[in-house]
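S.K.: In case you want the letters, here they are:
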Amino acid sequence: MIIGKGKPIKNILAMIENCSKIIVAGCRGCVTVCSAGGEKEVGILSAALSLARETDGKPIEIKEVTLERQCDPEYLETIRSFVDEYEAVVSIACGAGVQFMAEKFRKIPMYPGIDTNFIGVTETQGVWTERCQACGDCKLHITGGICPISRCAKSLLNGPCGGSSKGKCEVNPEVDCGWQLIYDRLKELGKLDQLEIIIPINDWSTGRDGGPRKIIREDLTL
Amino acid sequence: MRLSYPPNIKIIQVPCTGKVDVLYLLKSFQRGADGVYVAGCMEGDCHYLTGNLRARKRVEFTKKILDEIGIGGERLEMYNMSAAQGPRFVEIAKEMTERIKKLGPNPIKRVASAALEYSATPEKKECVV
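If you read the protein sequences in the order shown, they are chains W and Y.
In short: position in the first sequence from 1, add 1090, done, that's my numbering.
In short: position in the second sequence from 1, add 385, done, that's my numbering.
Be aware that one or more of the hints could be misleading.
Listed next, with one range per pair, are the computed distances between beta-carbon atoms [what the hints assert, rightly or not]:
#1 W:Pro1199 <-> Y:Thr435: 39 to 47 Å
#2 W:Pro1302 <-> Y:Leu488: 46 to 54 Å
#3 Y:Thr435 <-> W:Lys1197: 47 to 55 Å
#4 W:Leu1246 <-> Y:Ser467: 53 to 61 Å
#5 W:Arg1170 <-> Y:Leu438: 39 to 47 Å
#6 Y:Pro400 <-> W:Glu1154: 24 to 32 Å
Taking lysine-lysine pairs in the DSSO-like style, the calculated list, with each CA pair at most 30 Å apart, reads [unchecked claim]:
#7 Y:Lys479 <-> W:Lys1148
#8 Y:Lys412 <-> Y:Lys479
#9 W:Lys1095 <-> Y:Lys448
#10 W:Lys1095 <-> Y:Lys404
#11 W:Lys1097 <-> Y:Lys404
#12 W:Lys1148 <-> Y:Lys487
#13 Y:Lys479 <-> W:Lys1153
#14 W:Lys1111 <-> W:Lys1194
#15 W:Lys1100 <-> Y:Lys404
#16 W:Lys1100 <-> Y:Lys442
Read the hints as simulated data drawn from the structure, not as lab findings.
Cβ atoms here follow ideal geometry from the backbone N, Cα and C, with glycine treated the same way.
Here chain Y stands alone, though its shape is the one from the complex (with noise of 0.2 Å):
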């Protein structure tokens, strides 16, 4: 198919969306990503039965952390689709990025940047798969 989808976003493969913990999605944060989404297989479709269920609810309980610190829920995303949608894995990808791009960077690096002058350098997001 050879979609491209925007070069901002980096991959980050686990076996299941079941795998992907809350601390997982904090650290993320923490290193500085400016947006995380979680793509997880369609729901009823997990080959583990819950996995993509259970990660829903994690992206849940980290989007309300993420509120009260300050970061914003908005900042994180769980989408579900199958690997066949190839377009629509695309369209998420540009969806989040835009979504990103109208926050801004990450508000840990907002600090940073006032004594170092944060340049404008390409938001950095992560996907995890």
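Just chain W, same shape as in the assembly (with noise of 0.2 Å):
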């Protein structure tokens, strides 16, 4: 899942400094699961801005909403009717979801209230990790399902660098060095041969240095 985390609190504020009616937007995909912006969040954040907002003398109206998605155009038609009646919307979805808001809303300002930081997953409860980096040419099944583009810092396809040690990384002793994960996990698997393969220069347009991307399923188009 996209992974996110609250913007401070007073940055928000910043941004509304000048709105005395606003939406907070929750969104109950990811960022609900990894609670950075379910209904949840948008119950806190818009009581911590309506607090702060108080204490300062300028009381301001907020009006909670929590969508099914807002990476979807159907689900943000669920708050057109009533959307232009406020003066920004402060929504806690991911990077998408802000901009898909402010693409179908097009008169009123939106702000976003948490940072989206990576694709990952929950480890435990409370603890999120990076898993994907969406370079658009998943290479998993040579790697023992082990990420080399988002688990190594540097991002190698052929082995280690000379900075793994003890099974760590030299960017942080705390980071575990992916190829020693993915050594590790082919070893389990009795597929070390696996290794020699040699993966070519990658090939890097189907990732971000290609640009924005798209995909057309010409099968599910209307």
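Could you use the hints to bring the two separately framed chains together as a complex?
M.R.: Here's what the structure looks like:
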């Protein structure tokens, strides 16, 4: 899922400084699961913003909404009937959600209430770690199900660098060396011979280097 | 024992402090509480194993929010005591009342009082048990 983290409240207060009537919009997708932008976080952020503004003597009216998803047009339509009555929307969906809201509702400013960080997993409750960088060319079948692009700080495709020490990365001693993980996993699987496969120079055009990406499925388009 | 504790404290009962949510704490301040403290069981004695430990974490998290928004994290506290510690309950009630008296009323009321002239009504505190 997409993992995000709430922005400091003072940053959000600065964004809405001149507003007296706003919407705080959550999303029931990824950001609900990572406790950054679901219905509960909408309640907490709204309460905090409202308290802060009352303390400043500038009360603010806040409407709390949580959309099924902010990255699908049909769910955005559910707020169209009243969105223009407000001066701004603070969206605590991922960056995609905030942008899609901005695209669909042209007359009202959209402000991000969270920072979108990475595609990752819930390791344990309250702990999320990165697993995928959406490079658009998955190699997990060669590397034992562990991604060298996202798990290796240098995104090396053929073995560890000299900075791998006792299974840890030189970038941060708390970070596992991605290639050590790959080695260990392939060993467990009895497939160490896969390490002899040379992965060719990567074609990054399928990743961010190729510009904003687009997928069209002709069988699904209307 | 018939111990008396300050009358400004309003007790809100919950089945376990594990039920206390960040939102409950923030809403208390929104509704004008000058201070809030959560009174949980002794650490290690939770009937539900970790309810009071979770409550403490939520209190710490909420304190940071209160600091950030100008209400002040010192208006919120977590205490642990057992059901058999009546005198300790009173001691904490007095301690917290004193602390909040020094801090003055909830800032949202101070602002509202600029127009209404805040009268020296006894401050209201909420205690979640």
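S.K.: Of the hints stated earlier, which fail here?
M.R.: 7 and 13
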